[in-house]
Every structure is written in C-alpha cells, then in structure tokens.
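Trainee: Kindly generate the complete structure, drawing on both the sequences and the hints.
Protein chains in written order, with the working numbering: chain A, 1 to 148; chain B, 149 to 253.
These aren't lab readings, by the way, just hints derived from the structure by calculation.
All values derive from a computational prediction rather than experimental measurement.
Take the hints with a grain of salt, since some may be wrong.
Taking beta-carbon pairs under 7 Å as the criterion, some of the chain B residues facing chain A (in silico) [said to hold, decoys possible]: (1) Val172; (2) Arg174; (3) Phe176; (4) Ser178; (5) Glu179; (6) Val181; (7) Leu183; (8) Leu185; (9) His186.
Beyond 12 Å from chain A on every Cβ pair, some chain B residues (computed) [to be verified]: (10) Ala158; (11) Leu161; (12) Arg166; (13) Ala203; (14) Glu220; (15) Glu229; (16) Asp231; (17) Leu238.
Simulated restraints on C-beta separations [said to hold, decoys possible]: (18) Thr162/B <-> Arg72/A: 51 to 59 Å; (19) Ser64/A <-> Thr241/B: 48 to 56 Å; (20) Pro195/B <-> Gly131/A: 43 to 51 Å; (21) Gly143/A <-> Arg222/B: 26 to 34 Å; (22) Thr162/B <-> His32/A: 40 to 48 Å; (23) Gly131/A <-> His186/B: 26 to 34 Å; (24) Asn194/B <-> Arg12/A: 50 to 58 Å; (25) Pro177/B <-> Ala83/A: 28 to 36 Å; (26) Asn206/B <-> Arg36/A: 32 to 40 Å; (27) Arg222/B <-> Pro86/A: 54 to 62 Å; (28) Arg18/A <-> Glu234/B: 55 to 63 Å; (29) Asp88/A <-> His186/B: 18 to 26 Å; (30) Arg36/A <-> Pro224/B: 44 to 52 Å.
All residues carry an ideal CB built from backbone N, CA and C; glycine is no exception.
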Amino acid sequence: MSARLPPTPRLRIHERIRLATEIVLSFARARHQLRRRPIEDVVAVLRRAQAGAPTREAAHTADSPGDLIEARRLGRAVMRTLALLPGDTRCLTRSLVLTQLLARREIAATLVIGARAAPEFLAHAWVEHAGMPVLPPGEASFGRLVEL
Amino acid sequence: MASGTLPDTASLLTSSVRLPQHVVYRAFPSETVVLNLHTGRYHGLNPTAGRMLVALENARCVRDAVSAIAEEYRQPRQAVEHDICELCSLLLTRQLVELAAPNPS
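Mentor: Set out below in structure tokens:
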C-alpha cells in the first residue's frame, strides 16, 4: 500500500493575499526584465534574484514528492491571479512568474519553450518540475525548442 | 539585420556555418522552426531549407554541405550551390548563423 501525502491545507485569507501580492510583484519584475534583456538572461536574473531570499520554513526536502504538489498549486495560483491583471499575461509571462516563485522556495524548475508548425504556427511556454508540467504544456503536437 | 558586407561565394563555400548558442531550431514535417533567443523572433524554413540547415551545421564547410544535399536530392550541384548560398546569406542577415573557419575533418 503506497503512502499518501497529507492534503495541502487551504491557505488562510492573509496567506492568499500574501501569495497574490508575491505573484503581482513577480509579474511586474518579469515584465520589467523582458523589456531589457533576452529571455535566457531574464530567466537567469529572475532566478538569481530569488536565490538566498528568505523562504518560508520548508515543509519538504529538496525534490520531495511534495515539491511537485506545491509547484502545481503555485502554478494554479499564478494562472488565477494573472487572469485578473491587464497587460500581457500569456504563457511566457506566467512561466517567468512561476519560475520566480519556485526559485524562492528552492523548488527546481525548468522553463520550456516549444512550438508547433501545423495546422498553424504557434509557440508556447510552460514550466516543469522533475519533468512534470506544472503549467499547462502544449498539446502533443508541440515540439520542445529549448529548456531554460 | 546585420550590417556589413556578406561574404562572396568563394569565401562562403570554404567557411563552416554554425548556429550561435542563442539560436535553436526544431524540424517539423511542414517546416523547421528557428528561434533566436536574443531577439525572441521565430523564423520558419520550408522542409528543404530545413534539411539544408542541418547539412550546413553538420558539414565541415559549406561546399561539403552542397555536395551532401546535391547527392541526397539528386539535383545539379550548381543549382544546389546557388540555393544554399542564398540560404546562408538569408540566415546571416537574420543573425541566425555565424561563419567560421572550416571544421576539422
């Protein structure tokens, strides 16, 4: 019989506000950097900015199964929060925001950029943890171009 | 767009072509998608041009890529040379490739 992880407790209202604020600030930071640097540098800068930042007391060890659950929870929070904001909140921005949140929590993540050529060209970005998507990945027709 | 003069055909044929680290691509059945991470721009190559790009990347020099493509597609060498040089000029102008000394054989 496999051990089940305890359910993630619902955030209290003040924790939700704090998370939403963190997401909005990360969004502003990502947009600011995207205007000034190529995407590779943006990812590196945003990750470095979070490294060493005070993190909440980690309930999980590095790369624990809980990291994936937490990463997905944060991914959903990023999508919900950014949907309410004006401006470009598309996949690349969402991915950059989540990358920051995960870096801050010392959860390893990869930003993936992919594309498809048919039926029409479309590019897409998403984030993965341990090879598992934590933001909606492209459809099966998307091919990976680069991992950052 | 890159400023400066493009190399003449003779120089081009003896050079090797390489993709900078910030340029990535993936081949699909209908086209090859190239992404320049520095500019954030995507470029599309038809299947033949995509195959030429792979040949250029793998060949010791452009001349060898011409030979490989001419053999693969069973086309006159002169026509292939013209098309590949034209492709190289296009890729250089868009800063998707760089020229270097021939790769060691």
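Trainee: Let me make sure I understand: some of the numbered hints might not hold for this structure. Which ones are they, in numerical order?
Mentor: Hint 20 is the one this structure does not satisfy, whereas the remaining hints hold.
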